[in-house]
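Asks: Residue-level listing of the chains:
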Amino acid sequence: MKKSTILLELIFSILILSVVGIYTLLFVNDLYKSNAQNLTLLNSKLDLQTTNLFIEKKLGQSVNIKLNSAEISFYEIDIAGFKSGFYSGFVLLEKSTKEFVFTPNSNISKTNNSYIWFEDKSIYEIEKSIENEKISFKNRSNPKKIYEQYKLLKRQSKIFLKQNRLFFNDTVLLNNIKSFEVKQSNKNLIIDICDNSCHNWVISL
Amino acid sequence: MLLTILLVTTFSFLSIYILEIKTFQSDTQTKNYYQIQAAFHMELAKNIIKNIELNNNNKPCIEEINIPNENYEIYASIRYISLKNNCTNSQAINLDVNNSNGVAIIDVYTKSKSTHFKIQLHERFLKKL
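Order-wise, the sequence lines are chains A and B. With our numbering applied, the first sequence covers 1 to 205. With our numbering applied, the second sequence covers 206 to 334.
Worth double-checking, as some hints may not be accurate.
As the list claims (entries may be wrong) - Think about it this way: if two alpha-carbon atoms lie no more than 27 angstroms apart in a straight line, the pair counts; the simulated DSS-like pairs of lysine-lysine are:
#1 Lys332(B) x Lys83(A)
#2 Lys158(A) x Lys128(A)
#3 Lys121(A) x Lys332(B)
#4 Lys121(A) x Lys45(A)
#5 Lys57(A) x Lys144(A)
#6 Lys187(A) x Lys323(B)
#7 Lys58(A) x Lys162(A)
#8 Lys57(A) x Lys236(B)
#9 Lys332(B) x Lys251(B)
#10 Lys57(A) x Lys333(B)
#11 Lys144(A) x Lys95(A)
#12 Lys66(A) x Lys236(B)
#13 Lys95(A) x Lys332(B)
#14 Lys134(A) x Lys333(B)
#15 Lys187(A) x Lys255(B)
#16 Lys57(A) x Lys289(B)
#17 Lys138(A) x Lys66(A)
#18 Lys154(A) x Lys332(B)
#19 Lys121(A) x Lys236(B)
#20 Lys255(B) x Lys58(A)
#21 Lys236(B) x Lys110(A)
#22 Lys145(A) x Lys255(B)
#23 Lys134(A) x Lys318(B)
#24 Lys83(A) x Lys227(B)
#25 Lys316(B) x Lys144(A)
#26 Lys318(B) x Lys333(B)
Calculated directly from the structure, the hints in this document are not laboratory data.
The task is simple: from the sequences and hints, build the whole structure.
Replies: Now the structure itself:
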């Protein structure tokens, strides 16, 4: 075979391989880009889902939930203290007064809460107690309605939008949020939240 | 030859990357499914327990409840703050029976039986006796 034919074949082979190589690299690049985009979308979706679950959990463990158009305020129940047995949630009515409630089977000195909530939805401020079975009210002279079951509340918390960031008290939950609107429909809380796309969360209260 | 090696290597890395994303996606969806199902089972268990008569004098004290299920381990342990003094988990107190019979403190646990997706839920609530 002539040298020129071999050279021509070699040039054609290199040309074909180069074209195949270029198209393959373009295809690989597209595949990489679309998957990288998928991952970004998935992460963003997960961030939103996690925030939805977080808000749902917080509200599920709260009382006295109040809504403003772009703000949710609520009182957080001390679930950890209750589950750890630091307070029983049961009041012995005959031993309680308007100054304090007597709660058997409790370790009140181990708790650090600010409010007490009763079944009729009334909330009273409480003092730090050193007695294990007594919860003392802050405003002792005022008359109070005391019920048999109660919950201790840690603090009043807020979820709100400020400068395109969604906050839970001082903590940032989500960045780049364009709008956050809250409304109530029957026993459901409806949250409309928008980042690059809009989402509608329905939370049962 | 070099080009073939380059292409095989690039495709291998890309395949691993794509598989990682797909696994992550599938893993998240399955975890979500298990979590939602566990919450439903927990609600069901709570409803069953709320409808059980715990203050029945003619029957033995209920201190543990097991709800058989194929995918989840569901059980509850019950303690009492009441006049009951025949139960092991009971704190008998002086109650004015005209006001109250006391309460049962109920701990409900739901655990998934899956070896890969560990979901454990615990809830405590009071039930008037």
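Asks: A separate judgement is required for each hint: does it hold in the structure or not?
Replies: Structure-based check of all given hints:
1. A threshold of 27 angstroms between alpha carbons decides the hint, and for Lys332(B) with Lys83(A) the separation of about 15 angstroms falls inside it, so the pair holds.
2. Between Lys158(A) and Lys128(A) the alpha-carbon distance is near 23 angstroms, which keeps this suggested pair within the 27 angstroms criterion.
3. Taken as a hint, the Lys121(A) and Lys332(B) pair is honoured in the structure, with Cα atoms around 18 angstroms apart against an allowance of 27 angstroms.
4. For the given pair, Lys121(A) sits about 36 angstroms from Lys45(A) by alpha-carbon distance, which is inconsistent with the 27 angstroms threshold.
5. The straight-line distance between the Cα atoms of Lys57(A) and Lys144(A) is roughly 30 angstroms, outside the 27 angstroms bound, and the hint therefore fails.
6. Between Lys187(A) and Lys323(B) the CA atoms are separated by roughly 31 angstroms; this puts the pair beyond 27 angstroms, and the hint is violated.
7. Taking the CA atoms of Lys58(A) and Lys162(A), the gap is about 20 angstroms. The hint holds against a cut of 27 angstroms.
8. A hinted pair counts as satisfied when its Cα atoms are at most 27 angstroms apart, and Lys57(A) with Lys236(B) qualifies at roughly 17 angstroms.
9. Of the supplied pair hints, the one linking Lys332(B) and Lys251(B) holds, its CA atoms being roughly 11 angstroms apart against a limit of 27 angstroms.
10. For the given pair, Lys57(A) sits about 25 angstroms from Lys333(B) by alpha-carbon distance, which is consistent with the 27 angstroms threshold.
11. Between the alpha carbons of Lys144(A) and Lys95(A) the distance comes to roughly 15 angstroms, so the proposed pair stays at or under 27 angstroms and holds.
12. Our distance criterion of 27 angstroms between C-alpha atoms is broken by Lys66(A) and Lys236(B), whose separation comes to about 32 angstroms.
13. As the CA atoms of Lys95(A) and Lys332(B) are separated by approximately 21 angstroms, the hinted pair is consistent with the 27 angstroms bound.
14. Between Lys134(A) and Lys333(B) the alpha-carbon distance is near 21 angstroms, which keeps this suggested pair within the 27 angstroms criterion.
15. Straight-line distance between C-alpha atoms of Lys187(A) and Lys255(B) comes to about 21 angstroms, which keeps the hinted pair within the 27 angstroms bound.
16. For the hint pairing Lys57(A) with Lys289(B), the CA-to-CA distance comes to about 35 angstroms; that exceeds 27 angstroms, so the pair is violated.
17. Simply put, Lys138(A) and Lys66(A) have alpha-carbon atoms about 24 angstroms apart, close enough for the 27 angstroms limit, and the pair holds.
18. Under the criterion of a C-alpha separation no larger than 27 angstroms, the hint pairing Lys154(A) with Lys332(B) is consistent with the structure, at around 23 angstroms.
19. Proposed proximity of Lys121(A) and Lys236(B) is contradicted: the alpha carbons are some 36 angstroms apart, above 27 angstroms.
20. The suggested pairing of Lys255(B) with Lys58(A) holds, with an alpha-carbon distance near 24 angstroms, which does not exceed 27 angstroms.
21. Only pairs whose Cα atoms come within 27 angstroms are accepted, and Lys236(B) paired with Lys110(A) is rejected, the gap being roughly 35 angstroms.
22. Restraint check for Lys145(A) and Lys255(B): the C-alpha separation of about 26 angstroms stays at or below 27 angstroms, so the hint holds.
23. For the hint pairing Lys134(A) with Lys318(B), the CA-to-CA distance comes to about 41 angstroms; that exceeds 27 angstroms, so the pair is violated.
24. A distance of roughly 38 angstroms separates the Cα atoms of Lys83(A) and Lys227(B); the hinted pair therefore is violated under the 27 angstroms criterion.
25. At most 27 angstroms may separate the alpha-carbon atoms for a hinted pair to count; Lys316(B) and Lys144(A) exceed this at roughly 41 angstroms.
26. Between Lys318(B) and Lys333(B) the CA atoms are separated by roughly 32 angstroms; this puts the pair beyond 27 angstroms, and the hint is violated.
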